[in-house]
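Participant: Please model the entire structure based on the sequences and the hints provided.
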Amino acid sequence: GAVVSQHPSWVICKSGTSVKIECRSLDFQATTMFWYRQFPKQSLMLMATSNEGSKATYEQGVEKDKFLINHASLTLSTLTVTSAHPEDSSFYICSARQGNYGYTFGSGTRLTVV
Amino acid sequence: DAKTTQPPSMDCAEGRAANLPCNHSTISGNEYVYWYRQIHSQGPQYIIHGLKNNETNEMASLIITEDRKSSTLILPHATLRDTAVYYCIVRVGRSSGSARQLTFGSGTQLTVLP
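The listed protein sequences derive, respectively, from chains A and B. Using the working numbering, you'd call the opening residue of the first sequence number 24 and step up by one each time. Using the working numbering, you'd call the opening residue of the second sequence number 41 and step up by one each time.
Not one of these hints is a red herring.
Listed next, the in silico DSBU-like pairs over lysine-lysine satisfying Cα-Cα at most 30 Å (straight line):
#, chain 1, residue 1, chain 2, residue 2
1, B, 43, A, 64
2, A, 89, A, 64
3, B, 109, B, 43
4, B, 109, B, 92
5, A, 37, A, 87
6, A, 78, A, 37
7, A, 64, A, 87
8, A, 43, A, 64
9, B, 43, A, 87
10, A, 78, A, 43
11, A, 78, B, 43
12, A, 64, B, 109
To be clear, the hints were calculated from the coordinates, so they are not data collected in a lab.
Facilitator: Written out as structure tokens, the structure is:
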């Protein structure tokens, strides 16, 4: 079946630094990937849609200059949290669609900013 | 995408069937019902989906009412590892253009008790 690999699974960084999260589709090509954020005891909230070879589409209220998305190939999308602050601490999850129906999710990245 | 309503939490005894309801009274004719689950601190996992016929796979069964305004996910023999948040999502199965994201509601926290 379709597998999406997300790395790292957890990261702790200092306030003001940047963190990059990778999302790879291992056995299929994904022209579109999605990035979600999940705060404790809340549901997943879509942050942005990542399109291969073009600019990402961000949801309202998500700062594009803070959450940089790069989708340079059909199997890799990256999310960089720039100048991280404690309020950016969250669980970040990527997703890719295979075919017309299947959505596969990464295992998530727990970001803690101290 | 049609809005869904799920109970916030349910308990189930280990070994018994878990029946998780979902209301989607505004569902359109071309919208599918998808079920995903999220085990704590992991990415969501696909369970099953259907349009109007009942569906069964190795994980679960999906029962959709004849008017399609509600559905029930059935885990026939729940185990402790089935403890998770279960999300019912309604959306079109074949997008007209580029891929569209899955929108998550608050889901149902299923707790399987020993």
